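K.L.:
Sequence:
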Amino acid sequence: MLEQKIVNSFGSDEFFINKAIGWSLRNYSRTNLVWVINFIIKYRTLMNKLSIKEASKYL
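Under this note's numbering, the first residue of the sequence shown carries the number 1, and numbering increases by one thereafter.
Please keep in mind that the hints were generated in silico from the structure rather than gathered at the bench.
These numbers were taken from a predicted model, which means no experiment stands behind them.
Virtual Cβ for every residue (Gly too), placed ideally from N, Cα, C.
Hints may contain errors.
DSS-like mimics (lysine-lysine), calculated; alpha carbons at most 27 angstroms apart, straight line [unchecked claim]:
(1) 19 <-> 57
(2) 5 <-> 57
(3) 42 <-> 53
(4) 53 <-> 5
(5) 57 <-> 42
(6) 5 <-> 19
Derived Cβ-Cβ restraints for the label pairs, each shown as a range [said to hold, decoys possible]:
(7) 13 <-> 34: 28 to 34 angstroms
(8) 33 <-> 13: 28 to 34 angstroms
(9) 19 <-> 41: 17 to 23 angstroms
(10) 10 <-> 34: 19 to 25 angstroms
(11) 56 <-> 13: 18 to 24 angstroms
(12) 14 <-> 34: 14 to 20 angstroms
(13) 16 <-> 56: 29 to 35 angstroms
(14) 4 <-> 33: 16 to 22 angstroms
(15) 13 <-> 44: 17 to 23 angstroms
Go ahead and model the full structure; you've got the sequences and the hints to work with.
P.N.:
So, in structure tokens, the structure goes:
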């Protein structure tokens with residue numbers, strides 16, 4: 001469910017949407033680090049750089 005919600009938000013030019021994607025992935029990495037790493041690898045070409053930066057903060 002989380003994956004689909006995030007993927008549906010890809011392509012947004014809104015700063016806070018992209019930042020929130022990163023925040024949600026960063027927060028989820030505290031409980032499921034492997035899933036977040038695999039998500040970033042799988043979608044890195046579609047993700048905004050800000051989202052990747054925020055999501056990768058604790059990796």
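K.L.:
Quick check: which numbered hints come out false for this structure?
P.N.:
12, 13
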